[in-house]
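Each protein sequence line maps, in turn, to chains C and D.
Everything in the first sequence is counted per the numbering used here, starting at 1 for the first residue and increasing by one.
Everything in the second sequence is counted per the numbering used here, starting at 1001 for the first residue and increasing by one.
Because the hints were derived from the structure by calculation, they are not lab data.
Note that CB positions come from ideal geometry on N, CA and C, so glycine has one too.
Be aware that a few hints might be false.
[What the hints assert, rightly or not] FRET-style restraints, in silico, Cβ to Cβ:
{"hint": "1", "chain 1": "C", "residue 1": "Thr-72", "chain 2": "D", "residue 2": "Ala-1009", "range": "33 to 39 Å"}
{"hint": "2", "chain 1": "D", "residue 1": "Leu-1083", "chain 2": "C", "residue 2": "Thr-55", "range": "43 to 49 Å"}
{"hint": "3", "chain 1": "D", "residue 1": "Leu-1083", "chain 2": "C", "residue 2": "Thr-72", "range": "36 to 42 Å"}
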Amino acid sequence: AQSVTQLGSHVSVSEGALVLLRCNYSSSVPPYLFWYVQYPNQGLQLLLKYTTGATLVKGINGFEAEFKKSETSFHLTKPSAHMSDAAEYFCAVSSQAGTALIFGKGTTLSVSS
Amino acid sequence: SQTIHQWPATLVQPVGSPLSLECTVEGTSNPNLYWYRQAAGRGLQLLFYSIGIDQISSEVPQNLSASRPQDRQFILSSKKLLLSDSGFYLCAWAPTGTEAFFGQGTRLTVV
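Using the sequences and the hints given, assemble the complete structure.
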């Protein structure tokens, strides 16, 4: 079975500061990993994904994440936060077998000026 | 290009009433389809997924059911709603083994 743990249900940063959202996964097969963003009362939008190949993946809006197999982690970072980054962020895992995405409980990012 | 439609956007229903939420996908064939429920602080809970017409797997025993009468149509139903069925319901589709694409969601309030 696969699972995702997002450390910290709420993260607060100042505008211009580094954003770090943590995600650890559990999977018995090579994982596919995803980060999604959700704005209030909307669906989820894909930020970035890791399937195979390069372990550092870049996504939209300046976000990136690094797959670390030894640490079973896929943390999301952004060098400089913008006010518009305030939202809820979800990490998810699936596998090459095409199983459904399993999501973490989400992290709410607040950005203050 | 592929699009996913989910309706209604909001719904207020009394306890004990039936439910029908519909989701359709355009621009693709034989997609994997999913229903998720989102409750505050609990992330997205996978409710049902379907790999083809009339092929549906239930992930969590509950008061809900799902049907896929056509290739690109996925319906979430209940015969009698409970207060605990309130939440934000999201439909999604996915090519096998890749990311899921989500609809805009339905906010269900059971009163």
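Going through the hints against the structure:
Judged by the Cβ atoms, the range 33 to 39 Å given for Thr-72 (chain C) and Ala-1009 (chain D) holds: they are separated by roughly 37 Å. Our hint of 43 to 49 Å for Leu-1083 (chain D) and Thr-55 (chain C) holds, since their Cβ atoms are close to 45 Å apart. One distance hint, 36 to 42 Å for the beta-carbon pair Leu-1083 (chain D) and Thr-72 (chain C), holds here, with the actual separation near 38 Å.
No hint from the list above goes unmet by this structure.
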